[in-house]
Amino acid sequence: MQIETSLTGPFPRPEALVAATRDLDRGRTGAAEVDALRRRTEEEILALERRLGFSPVTGGFLGWPDLFRPLAETWRGFTVGPLTRWFETNTFFRQPVLHHPPERVPGAFAALLPAAPRGSGLPTKALLPGPYTFAGLLDNRSGETREALVHRLGRLLAEETAELVAAGYAEVEFPEPLLVVRPPEGPRAESVLAAYRAIAEGAGAARTSVWTYFADATPSLKLLGRLPVTSVGIDLSETEPESLRALPERRALGLGVLDPRTSLAEDPREVARIVRELESKLSPPRIVLGPGGPLDLLPYGTAVGKLESLAAARQLLAPGAVA
Amino acid sequence: MTGKLFPAQEIGSIAKPRWQLLGQRGAPLDERARAEWRSWNERIRFAPAGDPLAEALLDGRADASGGAGIRDLGALFGLRFFESAGLDRVYDGEARRIEMYEYPIRQMGGFQFLGHVRSFDNKYYLKAAATGPVSLERPYHLEEFDFVKAHARGIPKLPITGPYTLADWSYNEYYLGREAGWKGRAARRRAQREFVVEVARRAIRPTLKALLDRGCRVIQIDEPAAGTHPDEADLVAEGFNAATEGLDGEFSMHICFSEYASLFPAILEAKRCRQWAWEFANRDSPEHDGYEVLKLFKEYGDDREIGLGVVDVHRDEVESAEVVAERILRASRYLGDPSKIWVNPDCGLRTRSLEIAYRKLQRVVEGAALARARQNGSAA
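From first to last, the protein sequence lines stand for chains A and B.
Going by my numbering, the residue at position 32 of the first sequence is 32; the numbering climbs one at a time, nothing skipped.
Going by my numbering, the residue at position 119 of the second sequence is 442; the numbering climbs one at a time, nothing skipped.
Same shape as in the complex, but just chain A:
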């Protein structure tokens, strides 16, 4: 069985970039200087991913203000609304306000992805908001029902995915915390499936992954098993590993084994033990180990330490490693 490690979601900004962006807001530095520092930092994160053997690589998405803003500010139909709590965390996003059915602007989103990974020669991963989470957290004034909106966003995200795949991205990841925080049922669940069918078409042979976090995935496992994506990620800080036996389909499995809500470093041996147990019970063809949620809930140095634990756990799981 293949075991991979990869970053999921955005990575925290290091202290120098924190200081620079604060200075930018206070008029003490310029946007060009901050952009240059961000690009250098993305190179450093890429080097870290390379050193730790992560694949695909991401560069950390450091320029994004939040998960939705790159689309809310490049697609037509949106304005950016009030600060809104990001689930049960002390962080916030600006709620997108959708005034009429959204329209995609070709090329605009891709320009906001980190540049460093694309020139690295390594398999790269892009990030797009999952259609269910996106539709559920925006302020929908478009007149469309939620179900229709999920489906429409799915089609637009499929176009975005096709563009990213054509640009060389090996995988597109869709964070979908809302799928487990507020699991959809009935027609709404069907709209999610339809959205991901469209995305799968857009992706072609490239990988697609859905990552869930912030709540127990157990009630959603049946739906997650039906999603036509390459892998589904489960936050093991919220979901009892034992419950994953209910996964209806044996396919690539994402395991969120780093908890971004605590700075306490995970013990690689404990991570390896959990993964081995799941491997023996589920026999997935591929396991992707990653953070159980966005690591930007941690300071930079702490997040780096966690990634090193993750790489150590993968090494413990390598064929021939001493258990």
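Treat the hints loosely; a few may be bogus.
What the hints assert, rightly or not - Lysine to any residue pairs mimicking SDA-like chemistry, simulated, CA-CA at most 25 Å apart:
1) B:K621 to B:H552
2) A:K281 to B:G504
3) B:K446 to A:K281
4) B:K446 to A:R26
5) B:K446 to A:R40
Worth flagging that the hints you see were computed from the coordinates, not collected in a lab.
Go by the hints and put chain B onto chain A.
Just chain B now, kept in the frame of chain A:
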């Protein structure tokens, strides 16, 4: 209570005046700062006549005034700001404080600051981890209270960050690290409970006791994180109880921008809380009744005081006295007892200009008077 219906109180910080910010940095006042000083001093008379520190500051000799003296003047400004607006319970506008997390944590042992975490956009906060057992290095806010006590004309009400919020905004390494094996939901929950209660018992309670010993009677325990995890409302109450155990003070709990219904009924277990001081105006609109949730107090038989947020702290639009009065009387109907209501802004007003903040406070007082007249009229 004060003996009148709908007494008014502040709830937290106000913006620091420009002269204070410049003065604290040792910078001479520019014309804008001097004009601000003159204008406010004419209106609220905060600077003692002939005060040498004030004269030095205005003469451009900021260094001679010294940072501590400037902060004293800032505290006097805050006090007079609230008092002249007509509030019954006052404080200093948190003139000496910069924020509500880092300072209390720095008065405690067992914590280590790890770095900045983004709150939103380019806004961050420095976040600490509990890496050892929580302890208190020294009770805090004491000198600040002494100054307020010596100068206040109204009833002082001191705000302090609560144990649940301090724990929730920190990482829990020490207590979680003592949990064996995989750190799943159950382990995290046990460790968080221990963390909250330890912060309450070892740090907040001794500080509250020291404040009470110095004559502080009315204390607002701020728990803005209370609504972050709806299934932890019992921890908020448990932390409150541990922090106030055996103490005789008038304690209130301030919560804002939370889904209040999810806190019921667990939050009501905060036994020594005399007043729930919550934000309501921000969620009140023609389409949505922001005060309807108050019915839950009646439903659960909880007859404690309510600190009723009647003006929104996130908008510059100044509510009319009529709007404020209507909100107060609507809340009275929902609670079934007008005598339980104090009125206040939703939260601290520091994101508003001093001018807007002052006008909002005046409308709180005017609206309360209007509601009082109507209530008394209808009762007559």
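Comparing the hints with the structure gives:
1. For the proposed pair K621 of chain B and H552 of chain B, the alpha carbon gap of about 24 Å is at most 25 Å, so the pair holds.
2. For the hint linking K281 of chain A to G504 of chain B, the alpha-carbon distance of about 20 Å falls within 25 Å, and the restraint holds.
3. Between K446 of chain B and K281 of chain A the CA atoms are separated by roughly 44 Å; this puts the pair beyond 25 Å, and the hint is violated.
4. Proximity of K446 of chain B to R26 of chain A is assessed by CA-CA distance (about 11 Å); at most 25 Å being required, the pair is judged to hold.
5. Between K446 of chain B and R40 of chain A, the direct Cα distance comes to roughly 21 Å. Compliance with the 25 Å bound is thereby established for this hinted pair.
Hint compliance for this structure: hint 3 alone is broken.
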